[in-house]
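Using the sequences and the hints, build the whole thing.
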Amino acid sequence: MKVFDNYHLPTTVVQALELLAQYEGRARVVAGGTDLLVDTQAEYYEGRRPHFDALIDVTGIAGAGEIRARDEYIEIGCGVTHTQIVASPLIQKHAAALAEACSVVGGPQVRNVATLCGNVAHALPAADGTVALMILDAEAAVARQSRSGTDSPDWVPLAALFQGPGKSAVDSTRELITALRFRALGAREASAFSRVMRPQGVALPILGMATRVRLSALDIHARIEDVAISAGPVAPVPYRASAVEEFLRGKTADQPVLQEAAELLVANAHPRTSAHRATKEYRFELLPMLLQQTLRAALERAAQSA
Amino acid sequence: MSILNFTVNGNPVSVEIEPNEYLAYVLRYKLGLTGTKIACDEAECGACTVLVNGTSVDSCIYPALKAQGAEVMTIEGLARPDGLHPLQAQFIQQGAVQCGFCTPGVLMQSKNLLDQNPDPDDHDIKVALKDTFCRCGCYVSMMNAIKNAAQELREPETEHLFNIPNLPQVKAPLNVIGKPITRPDAVAKVTGAARYTDDYNFPDMLHGATLRAKFPHARILSIDTSKAKALDGVRAVLTHKDVPGSKHHGLIYNDWPVLCYDKVRYMGDAVAIVAADTREIAQRALELIEVEYEELPVVDNPVDALKPETIIVNDGTGHGNLLKHIHVEKGDIEKGFAKAEVIIENEYRSPFYEHAFMEPECAIGQALDNGRIEVIVGSQIPYEDRRQIAAALDLPESKVRVRGALIGGGFGGKEDIAAQIHVALLARAIGRPVKMLYSRHESLVFHPKRHATVIRLRTGAKKDGTLVASHATIYGDSGAYASLGDKVMTRAATHAAGPYHVPNVLIDCYAMYTNNPPAGAFRGFGVTQSAFAVESNMDELAHKLGLDPFELRRKNGLAVGDTTSTGQLVRESAGLLECIRLVEQVVKAQPEIENQTSKIRAWGLACAFKNTGLGGGSPDKSAAEVEVFEDGTAEVRTSAAEIGQGLPTILAMITAEELGLPYERVRVLLSDTDLTPDGGPTTASRQTFVSGNAARYAAKGMREILAETASEQLDAAPDTLTFKDGYIRQNGHKMPFEEVVKRAREENRPTRYLHEYHAPATTPLGSEGDMHFGFSYAAQAALIELDSDTGEVHVLKVVTATDIGRALNPLALQGQVEGGIMMCLGNALTEEYIIEKGKVWTDLLAKYKMPSIKHTPEIVSFLVEDEISTGPYGAKGVGEISSIPTTPAITNAIYNACGVRIRRLPVDQDALLLAMRSGKSETK
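Chain order of the listed sequences is A and B. Here our numbering is used: the first residue of the first sequence is 39, the next is one more, and so on. Here our numbering is used: the first residue of the second sequence is 14, the next is one more, and so on.
Warning: the hint list may mix true and false statements.
Said to hold, decoys possible - Straight line, CA to CA, 20 angstroms or less: simulated EDC-like cross-link-like pairs of lysine to aspartate or glutamate:
hint, chain 1, residue 1, chain 2, residue 2
1, B, Lys852, A, Glu81
2, B, Lys937, B, Glu805
3, B, Lys860, A, Glu84
4, B, Lys227, A, Asp91
5, B, Lys43, B, Glu89
6, B, Lys612, A, Glu284
7, B, Lys937, A, Glu319
8, B, Lys933, A, Glu319
9, A, Lys40, B, Glu300
10, A, Lys40, B, Glu34
11, B, Lys850, A, Glu84
12, A, Lys40, B, Asp290
13, A, Lys40, B, Asp245
14, A, Lys318, B, Glu29
15, A, Lys318, B, Glu605
16, B, Lys852, A, Glu84
17, A, Lys40, B, Glu760
18, B, Lys860, A, Glu81
19, B, Lys933, A, Glu323
20, B, Lys227, A, Glu84
Keep in mind that the hints were calculated from the coordinates and are not lab data.
As C-alpha cells, this is what we get:
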C-alpha cells in the first residue's frame with residue numbers, strides 16, 4: 039500500500055514551505071519517516087486510508103543536518119538524526135540526558151535516519167527525546183508561510199507544541215520545525231535520563247524520566263540551586279514535576295529529602311493504565327525509583343562539572 | 014516517474030522509479046538485487062538493512078528518492094573480488110547461518126559496526142544488532158563470528174585459525190558423521206544469491222491478493238465482485254464458486270474452506286482472491302469487493318467453547334466445538350492420590366504464540382504444458398501441498414508439481430496451506446504466472462499459532478519425593494480450523510506427566526474450536542505448554558518437601574525399564590539422568606550467589622522429553638534416492654524441507670559417509686514433487702531420523718551395486734571392500750569412485766537407488782504399546798537476574814544438556830540447541846500473541862517481540878549421546894527438545910529469586926513487581 043504519491047527534497051526552508059503551499063494541505067513534512075511511514079501503515083491495517091499527495095523531506099535543507107553551538111544555546115537542525123546526537127561531544131557534555139534518551143530510541147538503523155525534530159513533531163508525551171528536552175527548557179523554531187512571504191521562524195517553548203497524544207500545534211501540512219535549541223548546561227550543572235520498558239508489545243516506554251540540577255558548589259552535598267524534572271507518560275502532554283522541583287530548590291539532596299521528593303512526585307503525577315503496556319499501579323511503583331536514579335546521576339555529574 | 018541516479022555496490026545506476034517507491038523494492042524488483050530481504054516492511058526487524066553512504070538503514074521504509082546521488086551497498090557487494098568478506102566466511106564457519114533469510118541484513122549491520130568499531134566486544138555487538146532479528150536464534154554464533162572477522166580485518170597479514178568456542182564435545186567422528194561440517198547452502202546464503210520464493214520472477218507474472226474476513230465470526234450473505242473485476246489491471250477475481258474441486262483443505266481434517274462460502278470463522282479467513290498487473294492494483298481491487306455479512310457471537314476461549322449453550326463455530330468433527338477429547342489413563346488415579354503425602358495443585362495459562370519466521374508466506378502458481386500446474390513455495394510438506402492443490406482444482410495429483418524454494422524459517426508454521434491453492438486457481442484461470450506474497454500483517458493474522466492453553470495440574474508424591482499420581486485437565490484453543498490441533502493437544506496430554514515415571518496418571522485434554530486463529534504445529538508441539546505446568550509443579554514440590562530440585566527429578570526421571578504415562582515401556586536411549594547429572598555438575602560448581610543490590614540472581618531448573626516422529630499409529634515413512642555420477646559425485650534427493658535446521662547438511666553427510674565420498678562431492682536436491690520422492694512432513698523432529706535413515710539405506714543400496722562392480726575389478730568379495738575418500742579399496746588396491754561408476758554403467762547396472770524407509774511401527778493412544786519409537790530428553794538450568802526495582806528479568810546463563818542419541822553434526826546441533834533456547838526464552842519473557850474478541854491486536858511485528866541478540870545469555874551446552882538402535886548412527890530428533898525446558902527453568906529461577914510463582918505466560922514484569930511488593934505468592 040502506498041501512502042504518498044510524490045516525494046520532494048527541497049534544499050531551503052523557503053522551498054519546503056512553497057511546496058507545502060502548492061499542495062494546499064495535501065502534502066506533509068517528513069524527516070526520517072520512521073514514525074510517519076510505519077504509523078500510516080498501521081492506520082491502513084486499522085481500516086483507515088491515510089494518503090498524502092506528497093511528502094516534503096526536510097532533511098536535505100542546507101544546514102539541517104548540523105548540531106551547532108550558538109551564543110549560550112545548542113541548536114539541533116531538522117535533519118539531525120538520533121545517531122548524530124548520541125555521538126555529539128557537544129551534547130554529551132552539555133545535555134547528557136538528551137544523548138542518553140536518544141541512545142535508547144529504536145535500533146541503530148532507525149536512529150540512523152530518525153530525527154529529533156521529527157520525533158517532537160510526532161508529539162508523543164513519552165517520547166524519550168521529548169522527556170529529555172523538557173528539562174532543558176527547549177524551544178522549537180517553527181517556520182510557516184505568511185501572506186507577506188516566509189517569516190523568520192519564531193522560537194516556541196517546546197511544551198506549547200503539545201496538544202495531546204500525537205497532536206502537535208505544528209501543522210505539518212503547512213509548517214515545519216526547522217530546529218530545536220536549548221541552553222547548554224554549564225558548570226555545576228548536569229542532567230540524566232532513564233526509562234523502563236517492557237519486553238512484550240509496542241516499543242513505547244512504560245515510564246521515562248529526565249532530571250537536571252545545578253548545584254551551589256562542586257559537591258554532591260551542596261545546595262540545589264535549580265532543578266528540573268520531567269516524566270512521561272504521566273499526562274497527555276509532556277510533564278514537568280513543578281511541585282517537586284519547587285520542593286527541591288534550595289535544599290541539599292540527602293536521603294530524607296530525596297524520599298520526600300519521591301513521595302511528592304507520586305502524590306502529584308497521574309499516570310494511567312494503558313492496555314498491553316502498563317498498569318497505573320506499576321507506574322506509581324516506578325516513579326520514585328526513576329526519580330532517585332536520575333537525580334542521583336545528575337547530581338553526581340553536576341558535582342564533577344567544573 | 015522519476016529517475017534515480019545512484020551508485021550500487023560501486024556501479025553507477027540510473028533507474029526509472031515511481032516517486033513513492035521504497036529503496037528495498039527498487040533494489041529487489043527493479044535491479045534484481047534480491048539478496049536484500051523484506052521481512053516486516055515496518056522497520057522492525059533489520060532484514061532489509063543496506064548501507065547508504067556508509068550508514069545502515071532499514072531499506073523497506075527508506076524512500077528510494079532519498080538515495081538520490083548516494084552510494085548504496087547491499088549484500089551482493091560485500092564479498093571481495095578474491096573471495097568472501099571475513100564476516101561472510103566467519104558466519105559460515107561459526108554456524109551463524111541457518112534459514113538464511115535474516116543473514117544479509119545481519120551481515121550488513123555487522124559490516125556497519127566493524128566500519129565504526131574495529132574491535133567490538135559482546136556488548137557492542139548486542140547494541141549494534143539489537144534490532145536485527147534472527148528467528149533461528151544463532152546469536153551466540155553471530156557474536157563469535159563478528160569478533161573473529163574483526164580480528165581478521167585488524168590483522169590482515171596474520172593467518173588466523175579460529176576454533177568454534179561453543180561447540181559441544183561429542184563421540185569420536187566417523188569419516189564424515191560426527192564432524193562440525195558447514196552447510197552446503199551457506200555460501201549462497203551469505204552472498205545474497207540464495208533464492209526464496211519471492212526471489213523468483215517470471216515474464217508476464219501477475220500479483221495476487223486475498224480478501225480476508227471483516228469479522229471473526231459472521232455469516233456470508235452475499236459477495237459481489239463486479240466492481241473489482243471492472244478495475245483496470247485486474248485479471249481475475251475468484252470466490253468459492255470458482256473452486257472446481259474440494260471446497261476445503263486440511264492436513265488431517267478437511268475442514269478449512271479454500272474460499273469461505275457460508276461463514277467466516279476468524280479474521281484470517283479468505284473470502285475472495287484477486288490477480289492483477291501489480292500488487293497495488295490487486296490491493297485496490299480487494300477494497301472494491303462487496304461482502305454482506307451477518308455478525309455472529311464470537312467464541313474467544315476454549316473453556317466457553319465447550320459449554321453446551323455456546324454457538325458452534327465449526328462442526329468439522331460432528332462434535333460441535335469439540336475438535337478432540339484426548340484421554341490418557343494409567344494405573345488408578347484415586348488410589349494414587351490416596352497414597353500421596355503431599356499434593357501440589359495449580360492452574361497455568363499460556364497465550365497464543367506466533368512463529369514469526371522471518372520470511373512471510375509466498376507462493377507462485379503457473380500453468381505448465383499438458384494441463385499441468387506448478388506451484389513454487391517454501392513448504393514444510395510438499396507432497397501434502399500437492400494433494401490438497403490437486404483436490405481443490407479437481408485434478409489428478411499427476412497434474413500438479415510442487416517445487417520447493419528455500420524457506421526462511423518455518424518452526425511448524427509452514428505446514429498448512431497458505432497461498433498454494435489460491436495461486437494455482439488464479440494461474441489456471443488466467444493462464445499466466447501468479448505470485449502471492451503475504452505482508453507481515455497478513456502473515457500474523459492468517460497462519461496457525463501455538464495453542465493457547467489452560468492447564469490444571471495436580472501432582473501427588475510421597476514425602477521422599479517419589480511421584481505417585483498426576484492428574485491434568487487441559488483446554489487447548491485450536492481456533493477456527495483443525496490444522497494439526499488434534500495431534501498437538503495429544504502431545505500436550507501425553508507429555509503432561511513430564512519425563513517421569515508416574516504410576517497413576519489421568520489426563521483429559523480438550524482441543525476446542527473457537528473464533529481465534531487456527532492453532533497448529535509450532536516447535537514443541539504442545540509439549541512446550543504442558544512442560545511449563547509440569548516443571549513448575551515439580552519445582553514447587555521440591556520446595557515443599559525440602560528436596561534439592563535436581564534430586565527430585567533424578568529420583569523420578571524416566572530411565573530404561575520405566576513406563577511413560579501412556580504405558581510405553583522405555584527400552585533404550587533414555588539419557589535424561591545423564592542430562593541432569595551434567596547440568597547439576599556445572600550449576601553446583603558455580604560460586605554461591607550473594608545478592609547485595611536490587612538485582613537478584615538465582616538459578617532455576619527444568620527437564621523435558623519430546624517424541625521423535627509422528628507416533629500414535631500413524632505410518633511414518635520417508636523415501637530418498639541416491640544417484641551416482643561418472644564425475645565421482647553423488648546426489649541425494651527427497652521431498653523434505655530445509656527450514657534452517659540443516660537437513661541438507663545431514664543428508665549429504667550420511668550419503669558421503671555410506672559411499673565413502675568427500676562431503677563436498679554430494680549434492681542435495683530437496684522438495685520437488687516431480688524429481689524427489691516423498692520425505693513426509695518436516696515436523697515432530699523427525700527428518701534426521703526418517704529421511705536420514707532413508708538416505709542411509711539408499712546410499713547403502715547404491716554402494717552394494719558399486720561393490721559388485723568393483724569386486725570383479727579388484728578380484729575380491731564385495732563385502733571385503735572399503736569405500737573411503739573417493740576410492741574403493743581392497744588389500745592395497747584401489748579404484749577411484751568415478752571409475753567404478755563408469756564401469757557400473759557399462760555393465761548396465763543401475764546408478765540410482767531409491768529406498769523407502771518405514772520407521773518402527775507405533776500404536777495409538779490407549780493401546781499401551783509403543784506410542785512413539787523414540788524420545789529425546791533434556792535438562793536445563795537458567796541463571797536469571799531479577800531487578801527488584803522494576804520486575805525486569807534477564808537471563809544471564811543457560812546450562813543445557815540434550816540427549817539426541819548421536820551427534821551427527823555438532824555444529825548444526827549447536828545451532829538447534831541455541832536457537833531452541835532463544836525461542837523458548839521468548840516464550841517465557843518477550844512474546845505474546847494477543848487477540849481481543851477474535852480481533853488480532855499483535856498484527857504488526859512492532860507489537861510482537863521475538864527475542865533479540867540483546868536477550869542472548871551465555872549458553873553452556875552438553876550433548877548426551879544415548880544411541881537409539883533404529884536411528885541413523887543412533888541419532889534421534891533435536892529440533893524441538895532444545896526449546897521446551899527453557900521457559901520453566903526461567904520461571905523457576907524467578908521463584909527462587911523472589912518467592913513469586915509465575916502461573917501465566919509470558920512473565921509480566923508489571924504483575925511480578927506488584928506481586929513482590931504486595932507479598933503475593935503467584936501471578937495469575
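Hints versus structure:
1. Lys852/B with Glu81/A: Distance of about 15 angstroms is within 20 angstroms: holds.
2. Lys937/B with Glu805/B: holds (17 angstroms)
3. Lys860/B with Glu84/A: holds (14 angstroms)
4. Lys227/B with Asp91/A: With a Cα-Cα distance of about 28 angstroms, the restraint between Lys227/B and Asp91/A is violated, given a limit of 20 angstroms.
5. Lys43/B with Glu89/B: holds (15 angstroms)
6. Lys612/B with Glu284/A: Roughly 32 angstroms between the alpha carbons, so the hint for Lys612/B and Glu284/A is violated.
7. Lys937/B with Glu319/A: Holds, because 17 angstroms separates the two Cα atoms, which is no more than 20 angstroms.
8. Lys933/B with Glu319/A: OK: Lys933/B and Glu319/A at ~15 angstroms, within 20 angstroms.
9. Lys40/A with Glu300/B: holds (14 angstroms)
10. Lys40/A with Glu34/B: Distance of about 8 angstroms is within 20 angstroms: holds.
11. Lys850/B with Glu84/A: holds (15 angstroms)
12. Lys40/A with Asp290/B: Roughly 16 angstroms between the alpha carbons, so the hint for Lys40/A and Asp290/B holds.
13. Lys40/A with Asp245/B: holds (18 angstroms)
14. Lys318/A with Glu29/B: Cα-Cα ~52 angstroms, so violated.
15. Lys318/A with Glu605/B: It is violated: about 37 angstroms lies between the C-alpha atoms, which goes past 20 angstroms.
16. Lys852/B with Glu84/A: holds (11 angstroms)
17. Lys40/A with Glu760/B: Judged against 20 angstroms, a Cα distance of about 65 angstroms means the pair is violated.
18. Lys860/B with Glu81/A: holds (14 angstroms)
19. Lys933/B with Glu323/A: holds (16 angstroms)
20. Lys227/B with Glu84/A: It holds: about 11 angstroms lies between the C-alpha atoms, which stays within 20 angstroms.
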